[in-house]
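Participant: Sequence:
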Amino acid sequence: MMAKLTRHPLLWGETPLMPLPRLAKKLGVASVWMKRDDLTGIAFGGNKVRKLEYLLGHALQEDCDLIITGGSPGSNHCRLTVAVANHIGLDTWLCFSGNKLGEVQGNLFLDQLLGAKVFLTGCYGSEALLTVMEEKAEEARKLGRKPYVIPVGGSTNVGDYGYFHAWHEYIAQLDQLETVPNFDEIYVTVGTGGTMAGLLAGQASTPNSSRIVGVSVWQDQKQATQDILHLTNDLLREIDKPISVTIEDIHVFDQYIGQKYGVPSAEGNRAIRMLAELEGLFVDPIYTGKALAGMIDQLSQTNSAHKHVLFWHTGGTPALFTHVSSLLEKGER
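Residue numbers (full-length UniProt numbering): 1 to 333.
Hints may contain errors.
30 angstroms max Cα-Cα, derived DSSO-like pairs, lysine-lysine [said to hold, decoys possible]:
1) 307 with 26
2) 146 with 100
3) 146 with 117
4) 100 with 4
5) 4 with 241
6) 100 with 117
7) 25 with 307
8) 260 with 100
9) 260 with 222
10) 241 with 222
11) 222 with 307
Hints were generated in silico from the structure; no laboratory data involved.
Input sequences plus hints: build the corresponding full structure.
Facilitator: This is the structure:
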């Protein structure tokens, strides 16, 4: 199946590799760079655009006319799914967790601007939401629609292939740009795990010495590691690669989640402000800010003076406008 997948191009080109010299000096490392997947071109960008190139390409292959997906009311994945579906002329139904939407701001505000049809499910968790999505798909079929269901986060073999492709884009950039070092470590946010799985599958197929490090913002280390292991090897089998990864190849930290998923952390907020003040760049308080905090802390725990590190920015910046008061609390400086 994977060999027949159609990529529906959405990116404007390669996302940049950008040096962050002032942050590197602050952290006492040889260099810090950023892979700018917050610049993927549509609706404030983010990593989900890479997944949606293949997911919606598959939906078009199947002649579907309705996309059904879900997540929290502040979901980056939902915002980008609606935007991309609008762009190519498909309708979208969003199945949100919980019983209330909360204040209309950030991603939820953008969902409404995009005209998404929203359903509150009263349930929580990826599996429960997927069950509701399948029920909605059956309702849609009875109305004569042809739905395409995308699980929470787009973490399927089809979606994760977007980051297998991204890895090869990155390797090509390393070959083309003489000023870019071969990184000792690559830090990436881990939510549902598909982005890291795609990168690991790419690395397994094109050996590279960098250590890919995931910072979980949702699940504990054991669960996140198992999910990533399953997603990575499932993808490698699907694309007929006679290789696999083991649990020893997967490096995930879970101590930077904070109070819980979806709630900003003091460490994450400090990392957000540090990056903004030093480099004029933004990460968000739910995903990339916590991952950046994890990277900063991990580098502080070892002798990192000679390390070259890459932070793979996966987007999410609309969430900044949902957590203004938290980010402006002076006591967290």
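Participant: Could you run down the list of hints and mark each one as holding or not?
Facilitator: Now the hints, each set against the structure:
1. As the CA atoms of residue 307 and residue 26 are separated by approximately 13 angstroms, the hinted pair is consistent with the 30 angstroms bound.
2. Distance hint between residue 146 and residue 100 is fulfilled; the C-alpha atoms sit about 28 angstroms from each other, no more than 30 angstroms.
3. Of the supplied pair hints, the one linking residue 146 and residue 117 holds, its CA atoms being roughly 16 angstroms apart against a limit of 30 angstroms.
4. Restraint check: the Cα-Cα separation between residue 100 and residue 4 comes to about 40 angstroms, which exceeds 30 angstroms; the hinted pair is violated.
5. Annotation: proposed proximity of residue 4 to residue 241 holds, straight-line Cα distance about 15 angstroms (limit 30 angstroms).
6. A C-alpha spacing of about 15 angstroms is found between residue 100 and residue 117, which places the hinted pair at or below 30 angstroms, so the restraint holds.
7. Note on residue 25 and residue 307: the hinted pairing holds, with a Cα-Cα distance of about 12 angstroms set against a maximum of 30 angstroms.
8. For the hint pairing residue 260 with residue 100, the CA-to-CA distance comes to about 19 angstroms; that is within 30 angstroms, so the pair holds.
9. Our distance criterion of 30 angstroms between C-alpha atoms is met by residue 260 and residue 222, whose separation comes to about 16 angstroms.
10. A C-alpha spacing of about 26 angstroms is found between residue 241 and residue 222, which places the hinted pair at or below 30 angstroms, so the restraint holds.
11. Between the alpha carbons of residue 222 and residue 307 the distance comes to roughly 27 angstroms, so the proposed pair stays at or under 30 angstroms and holds.
In summary, the structure is inconsistent with hint 4 from the numbered list given earlier, while agreeing with all the others.
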